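Use the sequences and the hints to build the structure in full.
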Amino acid sequence: MSVRHGLLALLAERPAGAYQLRQDFERRTGGTWPLNMGQVSTTLDRLVRDGLVEAAEAEGDVPRWTLSAAGREALGAWWTAPVSRSAPTRDELAIKLALAVSTPGVDVRRLVQAQRTETMRGLQALARLRVDGTAASADDLAWSLVVDRLVFDAEAEIRWLDHVEARVTRAASARLTARAEPAPTAASEPPAARR
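Position 52 of the sequence shown, counted from 1, bears residue number 52 in our numbering, the numbering being contiguous throughout.
Just so you know, not all the hints are guaranteed correct.
Said to hold, decoys possible - Each computed DMTMM-like pair below joins lysine to aspartate or glutamate, with the alpha-carbon atoms no more than 20 Å apart:
(1) Lys96 to Glu165
(2) Lys96 to Asp153
(3) Lys96 to Glu157
(4) Lys96 to Glu118
If you're looking for bench data, these hints aren't it; they were derived computationally from the structure. Because the structure is a prediction, the values reported are computed rather than measured.
Written out as structure tokens, the structure is:
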């Protein structure tokens, strides 16, 4: 998730201070991606440095920021550009399984079962959070769409884990079959192969 663009989107609505931005971000995303104040402050500093955000009138002792013209342009470009899938994100589970299947002594099936249990637990927790889609407000709709995405991701992960388990089982079976078959001897080879 681009915190940078998330803050730009929030500042497009109205000037805000760092704490308000953090609260709005978490409320709008259902607390799915919590931000700490250091992350918000650092991102704001970079946005100011890059000319996308500028100081607004303070509210009491609280400094506030607003979008600059360049910030509105950058936000507009972000809204219209699709999210690139050409550079996959690092997926810890995929890396873990790739290393596990190539490391002797790792019980990959047990790893898959433990992960499936954890993913199912997460899926059940998400199901309890899910709303029926008839959101009362834009924030409810935003939150329910985020939860829907997380549910779909968890369901896809479970299907992938089923696939991994089947592939690992087939590979283990093929190795056992290969070991059980006797190696061909010179006497069992066809005459053309013995010459």
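Going through the hints against the structure:
no., hint, in the structure
1, Lys96 to Glu165, "holds (14 Å)"
2, Lys96 to Asp153, "holds (18 Å)"
3, Lys96 to Glu157, "holds (14 Å)"
4, Lys96 to Glu118, "holds (15 Å)"
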